[in-house]
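Engineer: These protein sequence lines map, in sequence, to chains V and Y.
Start counting the first sequence at 21; every next residue gets the next number (this note's numbering).
Start counting the second sequence at 12; every next residue gets the next number (this note's numbering).
Derived from the structure by calculation, the hints contain no laboratory data.
Misleading hints may appear alongside valid ones.
To be verified - Which bits of chain V does chain Y cover? Going by a derived footprint, with three or more residues having C-beta under 8 Å, they are:
{"hint": "1", "region": "42 to 53"}
{"hint": "2", "region": "106 to 120"}
{"hint": "3", "region": "135 to 149"}
Beta carbons: idealized from backbone N, C-alpha and C, even for Gly.
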Amino acid sequence: MTPAQGTLTVGVVVVDDQLVFRQVAREVVAATPGFEMLGEAASGEHTLAVVDDLDPDLVLLDVRMPGMDGIETAARLSEARPKVVVVLISIEEAPYLPGGLGSCGAAELLRKQDFGPAALRRVWERHRPARG
Amino acid sequence: MPEITETSRAGRRTAAGIGLVGVLLTAGAVALVLSDGPRDHRAVNAIVHGLGIALPIGLGLFRLSRRGTDRFAWLLVGTGLLWSLITLAESSASVPYSVGRIAVWMVEPTLVILMLAFPFGRLETLYERRLAQAAVVLAATLYLPTALLAQFPEPAPWASCGTSCPTNAFVLTDQDPAWVGELVRPVREVLAVLIYAAVAVVLFQRTRRAASLMRHVLAPVAAVAAYRAGALLAYLVGRIAGADGTFLEIVGWLYMLTLPIVAASFALGLLSQRLFVADALERVAHELREHSDADGLRQALRTALADPSLSLVYWLRGQGGRWVDEAGWPTSAPERAPGRAVTEVRVDGRRLAAIRHDSGLDPLVVQAAGAHALTTLENDRLIGELQSSLDELGRSRARIAAVADRERRKIERDLHDGAQQRLVALRIKLELIAEGLDGESPESAAALRRLEGDVETTIDEVRSFARGIYPPVLAQRGLGEALRVAGRIAPIPTTVYAQDIGRWRPEVEATVYFACLEALQNAAKHARGATGVAIRVVENGGLRFEVHDDGQGFFVPTVLNGNGLTNLRDRVAAIGGEVKVRSAPGQGTTVTGVVPVD
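Just chain V, with the same shape it has in the complex (with noise of 0.2 Å):
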């Protein structure tokens, strides 16, 4: 929910199976003015319900998770919600992930070891809904 102040916070939430991440990412979040962590989800499976309740303006969405990847996570949740930008994560480079990166409508793979800040920054700005 976006609060009653001039500023917008973009809403952002986790998705990756790995705690530890999600523990860092929390961290990299709550270091980035103007941004907020709404919350996490563990698994694919579990990302659908928790962007429906929390609403947030950019997930970040793991590639490699047991049961749903985040390939297929990200088609799912592009069909369902269009507006949300959806960053695919991973620590594998772009050649040896499996197909179908380019077309489930991420919006960028970013490295997960290149996530900070800057990286978060500079990827909403890219890719931010136009405002009318």
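Dock chain Y against chain V, hints included.
Structural biologist: Below, chain Y alone, put in the same frame as chain V:
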């Protein structure tokens, strides 16, 4: 050739017919000698001629009654029948005498062939065939035509008329041309002795080279051939030197006895072979008491048959049937090679194994020893255990392969979920701290960023390491995706056709993946001039894969035992599959394989 077996009525009739003819011919020959032959030593003559007909025919038929397709036995029978014509040379009438003398010249090459073809009834080497041809040519050119030109030389080993023989009924000239006596005869006699000497040499060499069993069998015939050459030489020299008539007659008889002696050697050889078989079977049984596993069986057969290079492969009936070696590894069907023969071992019509052995060993002996050994094992219920232990070996190999793959996936997962995540988190945290220090303490921020670089390098290394152990995409998405990734990052343009492959047991996916990867890496490293690699995987009665490159190709036998290819084969064989590599210079390389997926 018609087969005479105990159970074949037509065969028995044929045998009886030939036997009857043989008896009649023998009787006729003996009667002729006794009634019309020269007076001296009629009895001895009759015996010599009778033996020459009866012994070969009799022994040949006896052998054929045991084993219908013995070529040598047929040769023996045929020679015996022809030999009966020679007895006509004992007649005092001109025409039969002449027919008999000419018949001798036609039968002599037959004897050469007989000796060279002993004991299997075949002329094996080019040299042997040439010798036989030489004997035939000699008879046809230097002997037969002279029947029309001159009297027959007297005395002769095969006519006991001594120096007072009937005239040649076919001669066309009144007087013997001088050149027949002065040129043709000496030349042909020398050539005849040379040919017989060459036959003796060939037989001695064969005897020397043979394994111990065959040596017993071949030695007597080699001796006969040598003695024959010597006898002919002695006779000719004696004739020229005007030796005593009795001496010549005796040498003549000895010479005539060659055929019966060859027949007798054949029978002796068969006898010694039977003794050897019995001995071998006894030795096999004895050895088997000591060793009763697959390894012991081979050792038992090697010792029993005195062939140290003997090897054994087994036929497993499961899954359509396949050949395995003693360790249970799938192997190719055994093939003949120069000096090596393959004998299948069947028990009750069922194929159990195949033995590769020295080609000098009689296949019957090998089959008997092998069948006996396997029957003994079967009687002891050990063949069943052998089969199931080979099966178990195969399954345990598959299990080991599965466990190895599970372990690798686990290692990769642990690396990913543990070390890699922490390294990534570490780097992110370092960057957070560095951004915090940017304003206050740029040097510290810079130092931290240098540390970040080290962490990045570590992340890359660990990731690369993990990919090598087990590519994550293989576990997550399966074979098709993993191969597409491999194709994408390969240093050579690679196309992957693996639509709708689906998921399979992890060890199957991993094996096919790593096999294709190995083939792809080989192509990238070694296929000079290759413009691309095509990888195909399809499910069609098993998971089939093919990796083809259009590079320069290589000569398969020289490279086949390189480590990568051997590992590939072992990996695939461990789960019951097989791999074939086809390549030729200029035709690219194709690695194909199939893995069972039932």
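Engineer: Mind taking a look at whether chain Y covers the region 42 to 53 of chain V? Criterion is 3 or more residues with CB to CB distance under 8 Å.
Structural biologist: With 5 residues close enough to chain Y, the hint holds.
Engineer: Verify this for me: three or more residues of the region 135 to 149 of chain V with a beta carbon less than 8 Å from a beta carbon of chain Y.
Structural biologist: holds (count 4)
Engineer: Tell me whether the statement that chain Y covers the region 106 to 120 of chain V is true, taking a Cβ distance below 8 Å and needing three residues at minimum.
Structural biologist: holds (count 7)
Consistency with the previously given hints is maintained throughout, with no hint failing.
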